[in-house]
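Using the sequences and the accompanying hints, generate a full structural model.
Protein chains: 2
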Amino acid sequence: MESWAKRDDMIVHETEPYNAETPGPALAGRTLTPVETFYARNHGPIPDIDPGDWRVELAGLLDRPLTLSLAQLRAGFAHREVIATVQCAGNRRAGLLAVRPIPGETPWGAGAISTARWTGVSLADVLAEAGPRHDAAHVEFTAPDVAADACPPEPFGGSIPLAKAVAGEVILAWAMNDRPLPPLHGGPVRVVVPGYIGARSVKWVTRITVRDRPSGNYFQAVRYRLAPAGADPGEGFPLGPVAINADILTPVDGAVLAAGPVSVSGYAFGGEHRGVARVDVSADEGRTWRQADLDPTPGPWSWRLWRIVLDLPAGAATVTARAWDTAACCQPEYAASLWNPGGYANNAWPRVRVDLR
Amino acid sequence: MESWAKRDDMIVHETEPYNAETPGPALAGRTLTPVETFYARNHGPIPDIDPGDWRVELAGLLDRPLTLSLAQLRAGFAHREVIATVQCAGNRRAGLLAVRPIPGETPWGAGAISTARWTGVSLADVLAEAGPRHDAAHVEFTAPDVAADACPPEPFGGSIPLAKAVAGEVILAWAMNDRPLPPLHGGPVRVVVPGYIGARSVKWVTRITVRDRPSGNYFQAVRYRLAPAGADPGEGFPLGPVAINADILTPVDGAVLAAGPVSVSGYAFGGEHRGVARVDVSADEGRTWRQADLDPTPGPWSWRLWRIVLDLPAGAATVTARAWDTAACCQPEYAASLWNPGGYANNAWPRVRVDLR
Numbered sequence: 001m002e003s004w005a006k007r008d009d010m011i012v013h014e015t016e017p018y019n020a021e022t023p024g025p026a027l028a029g030r031t032l033t034p035v036e037t038f039y040a041r042n043h044g045p046i047p048d049i050d051p052g053d054w055r056v057e058l059a060g061l062l063d064r065p066l067t068l069s070l071a072q073l074r075a076g077f078a079h080r081e082v083i084a085t086v087q088c089a090g091n092r093r094a095g096l097l098a099v100r101p102i103p104g105e106t107p108w109g110a111g112a113i114s115t116a117r118w119t120g121v122s123l124a125d126v127l128a129e130a131g132p133r134h135d136a137a138h139v140e141f142t143a144p145d146v147a148a149d150a151c152p153p154e155p156f157g158g159s160i161p162l163a164k165a166v167a168g169e170v171i172l173a174w175a176m177n178d179r180p181l182p183p184l185h186g187g188p189v190r191v192v193v194p195g196y197i198g199a200r201s202v203k204w205v206t207r208i209t210v211r212d213r214p215s216g217n218y219f220q221a222v223r224y225r226l227a228p229a230g231a232d233p234g235e236g237f238p239l240g241p242v243a244i245n246a247d248i249l250t251p252v253d254g255a256v257l258a259a260g261p262v263s264v265s266g267y268a269f270g271g272e273h274r275g276v277a278r279v280d281v282s283a284d285e286g287r288t289w290r291q292a293d294l295d296p297t298p299g300p301w302s303w304r305l306w307r308i309v310l311d312l313p314a315g316a317a318t319v320t321a322r323a324w325d326t327a328a329c330c331q332p333e334y335a336a337s338l339w340n341p342g343g344y345a346n347n348a349w350p351r352v353r354v355d356l357r
Numbered sequence: 001m002e003s004w005a006k007r008d009d010m011i012v013h014e015t016e017p018y019n020a021e022t023p024g025p026a027l028a029g030r031t032l033t034p035v036e037t038f039y040a041r042n043h044g045p046i047p048d049i050d051p052g053d054w055r056v057e058l059a060g061l062l063d064r065p066l067t068l069s070l071a072q073l074r075a076g077f078a079h080r081e082v083i084a085t086v087q088c089a090g091n092r093r094a095g096l097l098a099v100r101p102i103p104g105e106t107p108w109g110a111g112a113i114s115t116a117r118w119t120g121v122s123l124a125d126v127l128a129e130a131g132p133r134h135d136a137a138h139v140e141f142t143a144p145d146v147a148a149d150a151c152p153p154e155p156f157g158g159s160i161p162l163a164k165a166v167a168g169e170v171i172l173a174w175a176m177n178d179r180p181l182p183p184l185h186g187g188p189v190r191v192v193v194p195g196y197i198g199a200r201s202v203k204w205v206t207r208i209t210v211r212d213r214p215s216g217n218y219f220q221a222v223r224y225r226l227a228p229a230g231a232d233p234g235e236g237f238p239l240g241p242v243a244i245n246a247d248i249l250t251p252v253d254g255a256v257l258a259a260g261p262v263s264v265s266g267y268a269f270g271g272e273h274r275g276v277a278r279v280d281v282s283a284d285e286g287r288t289w290r291q292a293d294l295d296p297t298p299g300p301w302s303w304r305l306w307r308i309v310l311d312l313p314a315g316a317a318t319v320t321a322r323a324w325d326t327a328a329c330c331q332p333e334y335a336a337s338l339w340n341p342g343g344y345a346n347n348a349w350p351r352v353r354v355d356l357r
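Sequence order for the protein chains is A and B.
Heads up, the first sequence is in full-length UniProt numbering, so the first residue is 1 and it goes up one at a time.
Heads up, the second sequence is in full-length UniProt numbering, so the first residue is 1 and it goes up one at a time.
Hints are not guaranteed to be accurate.
Across the chosen pairs, the derived CB separations fall in these ranges [stated by the list, open to error]:
1. B/R287 x A/G52: 54 to 62 Å
2. B/A163 x A/R74: 47 to 55 Å
3. A/P183 x B/A163: 32 to 40 Å
4. A/P153 x B/D253: 48 to 56 Å
5. A/P103 x B/T297: 33 to 41 Å
6. A/R213 x B/R213: 37 to 45 Å
7. A/V99 x B/R353: 45 to 53 Å
8. B/A259 x A/V309: 52 to 60 Å
9. B/P233 x A/T297: 56 to 64 Å
Hint data in this document are derived by calculation from the structure and do not stem from the laboratory.
Virtual Cβ for every residue (Gly too), placed ideally from N, Cα, C.
Okay, here's the thing in structure tokens:
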């Protein structure tokens, strides 16, 4: 067991593979999540790759296939930084589990999401060097970690459309919050795909394959798809871009508090190509709303933290929030409407029950 | 009164200014809406501009301000076509009005939306010729129609971010479904901003002003904003990009039908930077859903029509639909949650009551 698996400041759902989310109070109030408390989602053991040994091979529909070391990546391309929120497709699955069981999937709460400053090179620049052919349409990432929950077991992988891969914001990152990327978070080098589910930000990436169709990897073709109730594995549409979402970080569900002014805080994330326009908070199940104060955004790919002080009388109360994106799209009311067999993409209004005394 | 104001195949809400929506059955089954039945939203009288006299002036934060005639536009830039859905920000307002009155706003049903093939030149190409300065951030469009409902009255206008203006899909269009753009729809030349509310697709555009901030026009600074309940005019965030939406076109609400197989059809529109991933239809208020068949998409800026045959027994039934966008964002359940003082952006699940006999 590595030291990171013993951290008592994380909610560890599994140790092998290591899956841990950040408790709400640890996420609250900090736009950048410290490396130590950044959520971790894994499908296999953490590879131990010496930075000097790491290579990434670019192959497939390319005019100039190439293999790059970390030194070549650093020396050959302009360095880029992006502040990006990474959110697991299963973030907030617990809200769906309360509707109906979802066997075999991690019961993530609000904390399968974190934000960091990522430093590396733009995938667009690397692909330009390799020269995608005219029939290129998707870019697949593959890692060396063998996922035991793939069927049959295979290395973790997935793909994104070429248009996203060359848009500029996708990074091959070697640093996180100005520190070398630790193995737990994909070091020596990982992909960061801002605005997409975390599964596409493939850690320990060693192969980038340009294709004419999406990856056939189990985690693209079978898992991480939004399917209707009763669907068979592999049905549904593939998850990639993420939508507006928000959750309440403080107070925590079930908190016992002094009646009077109560500070409520949380995050809101606009997702792919959308900002956060407004966050509303209600203590009367949506009959009346007040607008939360939004922290400034550090960039287009980051969540925005929010906060508000509510004056709550003695008794039980449910605090609800809802975020609107810049396309005036509001979160749906109820997780019951969003239930799906994979337990993905829950972006219903969050609700926290508190007891004021 | 012009002949178009007498059409009995449109739902005419107002004649001066002329505001008319397309009945559901006229929209159903045709990805491209015929010019004759394309919805019309106006704030003032329709200008009568001779194509030979029309000019557009590009001004503001430009290195090379210029004025172009229609002939110069046609001869000087590559011709571009885009199939784009245009949707009024108030489309489906009737669903919000059923919650609470919204004085002075048109009670649009499902038909303040239509789709056409637009031909013209890319605004990106024209702006490249004019050379936006480094402090350019927004592009304002102004038309000569004086809007009586502006306060004080002023020509209609609005703006979009420069990034959108130069992305390629924004068109200065002189043709609609391969016919010269009629005056009612903005001829000789209008702007078409795919993925944005119809108000930004300014008709009869005669001035394009590059600015460092959004337009101060009444229809950008005061109207067409999403505000919380109880807000004063001008509060709220400006509407631009639109979100996932869908409505049922056939059968119409209140229809009396033969029990048995009932064909249900409608549209779904992913909006800005999103496709339509799935449409579900329910005849039991969302307890069970079936997936509708989606028509192929003619491009990234178009709605997708959908259809399904439901077997409905005798009695009253409510047919409900919901669309999911490619970011796994589903429409919210209830219009009551979306009510806002301007009556904009209703994208709640549509519901149609039918009587089976």
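| query | Honestly, do B/A163 and A/R74 meet the 47 to 55 Å range at C-beta? | reply | Given about 30 Å between the Cβ atoms, the range is violated.
| A/P183 paired with B/A163, Cβ distance criterion 32 to 40 Å | Given range 32 to 40 Å: holds, Cβ gap about 37 Å.
| Holds or violated: 54 to 62 Å for the Cβ distance of B/R287 and A/G52? | holds, 59 Å
| task | With respect to the beta-carbon atoms only, verify the hint that A/P103 and B/T297 lie 33 to 41 Å apart. | result | holds, 35 Å
| query | In this structure, is the beta-carbon distance linking B/A259 and A/V309 contained in 52 to 60 Å? | reply | Because 56 Å falls inside the window, the suggested range holds.
| query | Can the suggested window of 45 to 53 Å be confirmed for the beta-carbon pair A/V99 and B/R353? | reply | violated, 27 Å
| said: Verify the CB-CB distance for B/P233 and A/T297 against the hinted window 56 to 64 Å. | reply: This hint is violated: roughly 26 Å between Cβ atoms.
| message | Given a hint of 37 to 45 Å, does the C-beta separation of A/R213 and B/R213 actually sit inside it? | response | holds, 44 Å
| query | Holds or violated: 48 to 56 Å for the Cβ distance of A/P153 and B/D253? | reply | holds, 53 Å
Violated hints for the displayed structure, listed by number in ascending order: 2, 7, 9.
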